[in-house]
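Trainee: Make the full structure from the sequences, and use the hints.
Next come the chains, spelled out residue by residue.
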Amino acid sequence: MSAQTPCKLKASDYKSDTKPVWCPGCGDFHVLLSLSKAAAEIGLQPEKIAVISGIGCSSRIPAYMNCYGFHGIHGRALPLATGVKVARPDLTVICAGGDGDGFSIGGNHLLHACRRNIDITYVVMDNEVYGMTKGQPSPTTAPDWDSKIAPGGIGISPFYPLVIALASGANFVARAFSGDPNGTTQILVDAIRHPGFSFVQILSPCVTFRPDQRDWKKQVHAAPVKPTSDASQAARRVMTDDGFNIGVLYKGSRDPYQQHVGHDIRFDRDIDEEFLP
Amino acid sequence: MREKSESVSAPFSMAELLAHALTIELEAVQSYRELAQQMQQCGNDEVAELFDRMSALEAEHAAKIRRTAGAIELPELAPWEYRWPGLESPENIDLAGVHYLMTPYQALQLALDNENNAMAFFEAAANTSTDDRVRALAQEFADDERQHVAWMQDWLSKYTPPGDDWDYDPDPPVAID
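In order, the protein sequence lines correspond to chains A and B. FYI, in the numbering used here the residues of the first sequence are 1393 to 1669. FYI, in the numbering used here the residues of the second sequence are 607 to 783.
Everything labelled a hint here was simulated from the structure, so no lab data went into it.
In silico contact screen, one side only, chain B against chain A (beta carbon under 10 Å); selected entries: (1) L632; (2) Q636; (3) S637; (4) L641; (5) Q643; (6) M645; (7) P685; (8) W686; (9) E687; (10) W690; (11) D700; (12) L701; (13) H705.
Idealized CB from N, CA, C, for every residue including glycine.
Mentor: This is the structure we're talking about:
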């Protein structure tokens, strides 16, 4: 995160007056709470935070936070967040969205955001379904999830976000559970403070299209190991993961992307030169 | 995910007890208010009103705790540093128990469970305390929660439990044919 003068605000000060339209019981309510608590805990100034999202239920989150925000287009949250961070390195940039937005339409952007290692925290609220468009299987849906729209299941191996993030070069990799807002807050604080690209998968139940996910709270458990800075060790762990280990998996020490020293980029000037006579 | 703490096995200081008590109530005020808004958006006005009333009830309790704290400087704890019996504060709303068609009975049951959790928390704090003043205050808070439990039970008795078809929706969200 960027160095800022800490301020003293309550978590509720980071919530906007816009009321969420998520379904009652949706895990995203607790993710919003955790993000607000994390911002308060770090003492971030609201005008120094930018929350950038794509499309989907969870991507509504910028509207519900009292800070800068941009509700972008489907799957393109990470390119937008990258642009914001490069243009305004003084801001703490949080990118947020769901599993469909981040792993399918935006899947390619995830790989390259991890690789670039720009100082962004990417929060994916994973409910293994496209909720906003009424329950289609997403990249993280189990192959045998039987539903009206995919009778008998889709039979395709799911996407493993933590493995992909790790292999692509993310500097911080963690999994959280929305039903543990205080634990999620702790992970988010850690993720935001860690330099470089931080990836946090938050298991966030969709109670409307995946009512079975109400049982997640019985299935999640604390990861039995401490975070490692050894990528190969982290990879071995995550490859044998049951999908419900909660905690920080990996903390790397790769230097975050910075504009080349001495390379004076001024977007407004460059654009002027390009377009003005 | 953190391991659940072993509750209040270590005694609370006066300031710690007040900080925990205040956080329980303030988080409950916020949670019930948000639940009321959610229910209102779904057209479940009766349950929305109940949650609003619960929020007001918790706000009164929070105000009382503030008055009790007076000039005592409360410790600033990170959210994960509180010593709750579980992962979250005793009156934290379990979203898994929330549904857009939930009945007043279910809403009150949720609140009753929370009040019972809070009462157990303060009783445990009283039982483990080695300081007479802390023990007395924890017991007073437990008695307040016991009063809330009684109100919830009384309230609950005015409603009938939901039938098997309580979540029947003639126009369900899963509308892909």
